[in-house]
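Student: Chains as they are written, first to last, in our numbering: chain A, 6 to 119; chain C, 34 to 146.
Wrong hints could be hidden among the right ones.
To give an idea of the chain C side of the interface with chain A (calculated C-beta under 7 Å), a few residues [said to hold, decoys possible]:
(1) 50
(2) 76
(3) 80
(4) 136
(5) 138
Taking lysine-lysine and the DSSO-like style, the derived pairs with C-alpha atoms no more than 27 Å apart in a straight line are [said to hold, decoys possible]:
(6) 75(C) x 91(C)
(7) 104(C) x 48(C)
(8) 70(A) x 91(C)
(9) 145(C) x 38(C)
(10) 75(C) x 12(A)
Please keep in mind that the hints were generated in silico from the structure rather than gathered at the bench. Yeah, the Cβ is synthetic: ideal placement off N, Cα and C, and Gly gets one too.
Listed here are the chains, written in short residue letters.
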Amino acid sequence: SAVISQKPSRDICQRGTSLTIQCQVDSQVTMMFWYRQQPGQSLTLIATANQGSEATYESGFVIDKFPISRPNLTFSTLTVSNMSPEDSSIYLCSVRGQGYTEAFFGQGTRLTVV
Amino acid sequence: QQQVKQSPQSLIVQKGGISIINCAYENTAFDYFPWYQQFPGKGPALLIAIRPDVSEKKEGRFTISFNKSAKQFSLHIMDSQPGDSATYFCAAPDISNTGKLIFGQGTTLQVKP
Chain A
6 SAVISQKPSR DICQRGTSLT IQCQVDSQVT MMFWYRQQPG QSLTLIATAN QGSEATYESG
66 FVIDKFPISR PNLTFSTLTV SNMSPEDSSI YLCSVRGQGY TEAFFGQGTR LTVV
Chain C
34 QQQVKQSPQS LIVQKGGISI INCAYENTAF DYFPWYQQFP GKGPALLIAI RPDVSEKKEG
94 RFTISFNKSA KQFSLHIMDS QPGDSATYFC AAPDISNTGK LIFGQGTTLQ VKP
């Protein structure tokens, strides 16, 4: 299984500011995804991070709010921009290897916007 | 919008009992169907997964049963232990066959000593 490191693990941010979350994997992976998990809720896919090109966003999520980078096969960032209290959630990075192998998750970033 | 319906929402089981969680999916790609276990403050951890060409997979106390015709799959936890108390999520592959997973709503399991 892949080892996924997410940073920061938690943060408290002021509304109107932005936070960039990093996801580092210990091996090259084909697919990287970003999910949001609101308190007590299930996981909702934000976008697929594509290496070397623009991310593919799910309905309800836009690039201006959640810009994503993926410069190589082991690293991605998610930025939560112009934050409001409604953005308070856990943000999770997930990876899958070639051939649609199992999907693994990082430990998540717990974001609180005040 | 593609959905995965998970039940029950919460479950209380006595130590040593059997915990059963069910999921029903709509049209999906046929990739694999995983179950995740999540403890408070942690990311989801892959518990067990099944490929759709088999009807059952067992790993220790955990068993997945898969019914392709009924579009259902379930997780059975045998000899449930207090350490199994967590939230469990099922997932199904998105019909786009792009590797994305669609998650169920989650089941909070409490195993009483």
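Student: Hint by hint, say whether it matches the structure.
Tutor: Consistency of the hints with the structure:
no., hint, in the structure
1, 50, "25 Å, violated"
2, 76, "4 Å, holds"
3, 80, "11 Å, violated"
4, 136, "5 Å, holds"
5, 138, "5 Å, holds"
6, 75(C) x 91(C), "25 Å, holds"
7, 104(C) x 48(C), "30 Å, violated"
8, 70(A) x 91(C), "42 Å, violated"
9, 145(C) x 38(C), "26 Å, holds"
10, 75(C) x 12(A), "14 Å, holds"
Checked against the numbered hints given earlier, this structure breaks hints 1, 3, 7 and 8; the rest are met.
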